[in-house]
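Line by line, the protein sequences are chains P and A.
In terms of this note's numbering, the first sequence has 151 at position 151, counting the first letter as 1, and numbering is strictly consecutive.
Each position in the second sequence, counted from 1, maps to that position plus 1000 in this note's numbering.
Errors might be hidden in some of the hints.
Unchecked claim - Distance windows between CB atoms, simulated:
1. Pro1155(A) with Glu57(P): 35 to 43 Å
2. Ala64(P) with Gly1131(A): 55 to 63 Å
3. Glu1054(A) with Asp162(P): 48 to 56 Å
4. Glu1124(A) with Ala173(P): 50 to 58 Å
5. Arg1083(A) with Arg12(P): 25 to 33 Å
6. Ala173(P) with Pro1104(A): 36 to 44 Å
7. Asp162(P) with Glu1147(A): 34 to 42 Å
8. Gly1131(A) with Glu183(P): 43 to 51 Å
9. Ser1061(A) with Ala185(P): 32 to 40 Å
10. Glu183(P) with Val1064(A): 29 to 37 Å
11. Asp162(P) with Gly1023(A): 44 to 52 Å
12. Arg1088(A) with Ala30(P): 37 to 45 Å
13. Asp172(P) with Thr1056(A): 32 to 40 Å
It should be emphasised that the hints constitute simulated quantities derived from the structure, not laboratory data.
The beta-carbon is built from N, C-alpha and C at its ideal position, and this holds for glycine as well.
The primary structure of each chain is shown beneath.
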Amino acid sequence: MTKVLAISGSLRDSSYNTMLLRNAIELFGADVVVEELDGLKVVPPYDEDDDGDGAPEAVRSLRAAFAGADAVLISTPEYNSSVPGHLKNALDWVSRPLAANPLRNKPAVVVGASTGAFGAVWAQAELRKVLASIGARVVDAEVAVGHAPTRFDEDGTLIDEDLREQLGEVVDALAAAITERAELARTAA
Amino acid sequence: MSTTQTKIPAGTWNLDPVHSNLGFEVGYLAGTFRGQFGDVLVKLDTTDTGARIEGTVQVASVDVKDENLTAHLQSPDFFDAERYPELRFLAEGVELDNETVEAPGEITIKGVTKPVEVTGTLSEPIEDAWGNERLGLQLTATVDRTEFGVNWNTPLPTGDQALSNTVTILAELQLVKAA
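Okay, chain A solo, but in the shape it has when bound:
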């Protein structure tokens, strides 16, 4: 099967934070729990031969539906925001083939850096209503939170644990080309 290189103009693409979302999903009790982060920076650098994605997330901006849970997520039991205020992601050799994205990189959570496979899709750039070039990037990664020291759990009556170790990270990003 042949692939065609997506026509992404070379340059720097910065996040439109208002129209982007960085969230996570994790199995908890009988379903899937979701949360997101509000303070996120992402930069995509593209050249004729490849691309680089760099992102930082402020742990203090974690957003869930209960203020007590927000506080717990920032505590040493979970992300330990005081000691590790940022989550980071860096992928140097990003492949933008056709509409798909392969962005193997390194993710840093709670001060621990591990390799991570990130995949996703890319929408072709459009010109938005204000004359900016804009593209959409959807990325997904799966991590084992215990590899990063995020170990909190609580047992169920069955002896199973309430919170899954597997966490899916979901990024729905809109990026605007720098002038």
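Bound conformation, chain P alone:
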């Protein structure tokens, strides 16, 4: 069974990015299990002195979640034109050591929502750069949900049809990247 790790870069309960993430999760096929990452808030600041065998429990859980997934889906808000610090910090932990990190070659896709007009496009671009630098296979697809308060109903359903279609395309692109990588592994075996 294919596993996708889904991460909302926003921590607050009524986050639009969490809403967007859950709308995406519903679009995956029945053959995909999606796990929402829990515990982003308790990951401590990256400190190489704390890494290694004695890495904090929150970090070990984080790394295990990435290692157990076939792909990663992230919905990011935009803080001061960039990626939220806690999300970047978590990826910094996951990325070490770089040559053996669990994101290496793993398909990853980024979407985003913001209350402003642009839908976190700069944070998304920065996050794609970070993921590529870590070695992920970043899927070339985007959904930018601007004016987020007007795009969801009271149940958190994305009501803009164009955006729903884009979200479907992103999910399909990630699923295709997972399938392609699995076939590559079978061929190589």
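With chain P held as given, fit chain A onto it using these hints.
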């Protein structure tokens, strides 16, 4: 100007990998960055009328001076070693004139195959200390990495890009004649 055919005995010449080097040079920041590949296979087939060179390189063997950079070079940002584990070169109509080599062929990087002009020099065969016939081959080629989808870059404060698109490939090879 007359040329004389280099006297290369017909046959198959295999790479001595220990005493050979396959590297690349690319402009980066204020200078030239160099790296090399450790796992390389090259075969030169010579006949009375011409020659053929075939080479393969394992991307996973890329060797630079920082393990994090090694990992980055193997990632989808650069060579994408998981999906495209080999670089390949094939030149069917190699001309060995005098001491010069003209080896127009095709090079495959990141799954993209393009024609490439390869030139170089050849040293006349010698008998080495173990009784083998051995020759030296120095080859150079220049490619635009973006034609192969190797597009990573990062902007400088001036707006220029940090990494040149033009990459020079340098092969310093010693080949031993098969028995």
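Problem - 55 to 63 Å as the expected CB spacing between glycine 1131(A) and alanine 64(P), which holds or is violated - result: 58 Å, holds
Exercise for the section: Mind checking the hinted window 32 to 40 Å against the Cβ distance between serine 1061(A) and alanine 185(P)? Expected result: 21 Å, violated
Practice task
Determine whether the Cβ-Cβ distance between aspartate 162(P) and glycine 1023(A) falls within the hinted range of 44 to 52 Å.
Solution key: At roughly 50 Å between Cβ atoms, glycine 1023(A) and aspartate 162(P) fall inside 44 to 52 Å, so the hint holds.
Handout entry: arginine 1088(A) versus alanine 30(P) beta-carbon gap, inside 37 to 45 Å or not
Key = This hint holds: roughly 41 Å between Cβ atoms.
Handout entry: Range hint 29 to 37 Å (beta carbons of glutamate 183(P) and valine 1064(A)) holds or violated
Key = Because 30 Å falls inside the window, the suggested range holds.
Problem - alanine 173(P) versus proline 1104(A) beta-carbon gap, inside 36 to 44 Å or not - result: At roughly 39 Å between Cβ atoms, proline 1104(A) and alanine 173(P) fall inside 36 to 44 Å, so the hint holds.
Problem - Range hint compliance [Cβ, glycine 1131(A) to glutamate 183(P), 43 to 51 Å] - result: 49 Å, holds
Practice task
Could you see if the CB distance from glutamate 1124(A) to alanine 173(P) stays within 50 to 58 Å?
Solution key: 56 Å, holds
Problem - Hint check for aspartate 162(P) and glutamate 1054(A) - Cβ pair distance inside 48 to 56 Å - result: Between glutamate 1054(A) and aspartate 162(P), where Cβ atoms are some 51 Å apart, the hint holds.
Practice task
Return holds or violated for the Cβ distance of proline 1155(A) and glutamate 57(P) against the range 35 to 43 Å.
Solution key: 39 Å, holds
Practice task
Can you let me know if the beta-carbon spacing of aspartate 162(P) and glutamate 1147(A) is within 34 to 42 Å?
Solution key: 35 Å, holds
Problem - 25 to 33 Å as the expected CB spacing between arginine 12(P) and arginine 1083(A), which holds or is violated - result: 38 Å, violated
The structure shown violates the earlier hints numbered 5, 9.
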